[in-house]
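**Q** Can you make the complete structure from the sequences, with help from the hints?
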Amino acid sequence: MLFLGFFAILALASAAYVLARNRASAVVGGEVSRLHSRPNYHGFLAFLVAAIIGWALLFVVGGVWGILIERAMMADIMAALPEVSPIEAELILSDAHAIADSGIASKSGPLRDEIAAKLTSHSALHDYGTLLLAALGAALAGFWAYSNVSEGWRARNRSENIVRRILAFMTIIAILTTVGIVLSLIFETLNFFRNIDWQVHKYLFGTNWSPLSGVQAGKLDPDKVGAIPLFAGTLLITVIAMLVAVPIGLFAAIYLSDFAGPRVRAWAKPMLELLAGIPTVVYGFFAAITLAPFLRNTGESVGLSIASESALAAGIVMGIMIIPFISSLSDDVINAVPQSLRDGSYGLGATKAETIRQVVLPAALPGIVSAVLLGISRAVGETMIVVMAAGQGANLTANPLEAVTTVTVQIVMLITGDTEASTAAGPAFTLGFTLFCVTLLMNVAAQRIVRKYRELYD
Amino acid sequence: MMNDMRITERTMSNEIKIAAKGVDVFYGDTHAIKDVDVEIENKAVTAFIGPSGCGKSTFLRCINRMNDTIDVCRVSGDIHLEGEDIYAKDVDPVQLRARVGMVFQKPNPFPKSIYDNVAYGPKIHGLARNKAELDEIVEKSLRRAAIWDEVKDRLDAPGTGLSGGQQQRLCIGRAIATAPEVLLMDEPCSALDPIATAQVEELIDELRASYTVVIVTHSMQQAARVSQKTAFFHLGNLVEYGNTDMIFTNPSDSRTESYITGRIG
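If you read the protein sequences in the order shown, they are chains H and C.
Per the working numbering, the first sequence starts with residue 1, numbered consecutively.
Per the working numbering, the second sequence starts with residue 1, numbered consecutively.
Pairs of lysine-lysine residues, derived as PhoX-like cross-links and limited to a Cα-Cα distance of at most 25 Å, are as follows:
id, chain 1, residue 1, chain 2, residue 2
1, C, K112, C, K152
2, C, K106, H, K452
3, H, K352, C, K106
Quick caveat, the hints were computed from the structure, so don't treat them as lab data.
All values reported here derive from a predicted model rather than from experimental measurement.
**A** Written out as structure tokens, the structure reads:
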């Protein structure tokens, strides 16, 4: 119904566009240069007001009316069965909805059937009424714009003003969504801390993580929510990943920007960037199925015992995943170092290597540092590879040959596990919030450094 | 005919630092320099003038083999520095550039401290045995570049923080620090205001005592002010070369005259 309404309004608004545009041409007898605004702007203004009013009515009237119907039905149910609790009443209502939509209801009964019948009749009225109101509103708005068409009517300024407001509205939506997500993280985190009786230090510094094993009546055991092993695991894997990604990525960037000929560069750079296009899930099973057994077998042959889910395998593959980030960003900043600086160095009799080491890299260093920081925040937040290759047990170790777990793996396990959502969500949200803070700090640091770098050349 | 005789006389009477013979330069398919012969005098300022795209900068960059850093560029012919072929196989362009310093159109100090900018070349070439010697080289070079008094109290400040004219003098000091024999200057004043330009020109005149200076310039007044010899390039050809006062007062080629009087260029 909403779908049909959307297109009905679109058709009305388009009609308003054509009518207003033609009228604008007609008022000046075809001499459009006499108009303050070109005919297209008159049409566009009519389209905008009709579409905006129409769609807004569709949502607002439809939404409010729907809520009113629900309330009336709830009142009916409470009147018929005064002793039911609100939750039971809601259950009955949702059953009635299911019956009305010929879906599967948990129970059937005369009350449910009665409510369902009422819902059906209400919903027809609701749908057509909303549509009619919205269309009426759109038509009136379109007519307002149409009837205002005249030589001096500032349709151009008005329509541009509306567009500006639409853009601002979209921005607000994006910002509010972010704020909403962060707020929900914060609230859930606070809930979790309340659940462990505000023993925040036990979460931040505890070394024992098995939150769901200590649940009693929805209450978590503060001694089993120590997040240190998770962050240590994340740190260990991130360090391994950066040990792989930074040298390879940076040296590849230096080669590509200063040594490779245009022909090598033309295919080598896209090839490297192709690595960034591989889905992380593919990296994940590559780590778990190819690299981890290979490492284990190699380890065995030299007398080392390597777990089949080792931090090393996950870290190496994550490093490979991050190479294109480092190389691509570093390549950009190295290329951004002005040729005049290189010329200056060559002109003093410096070799290419001296020029790169002593002039180009120091000049590009802030950019490279921020590339590395962005790479780290990717590694910290990476999930799929570690879910498949790093292991699940919270194991506090610095040995890369053992299995460790990471923050993201534990979040996945908490959310996809079969524990009641209300219990599992607390620790998951809290881990997520902590992770968010870590990545946020790193991104801010990276941006600060980049900004400082820009000041250097502008 | 008379003019030519006099030029030859003057040229013969001075020591030749750089001798170029039959130099051609190609950028891909473009023939940028066509069969140029020129002899540059020791301890004098030689100016290359000509309209944009005439090849004067390209030719300048042949003298320290800066064109080697451009992939598509090909140079043929002979250029001798004190009788030694600089395009010979056994010549390392990197070492050549320590002998033939270069100052660029836009001041290009490294994003390092003023001190490190100047110390960069001497460090690379091992010209100083210790910190004291390096300090001395830096001070001497900055004094020579007529900027010492302005920067002596802030040698640790970044070179990029100086004004345009100061930056260019810093770059000149940086080039002097490697103790070159020749200084190539590619439009060193084109990014500077008149006051900074005057300072740099004065400096060039002083540098003549110790170095062979070759300067590319867009400004004919500048060529007339600072140089003893002038070469006029047009469309890749060296049209005329001789004493500066002669080129400006009594050019022998009609194209030179047209350029100097503002009819072409």
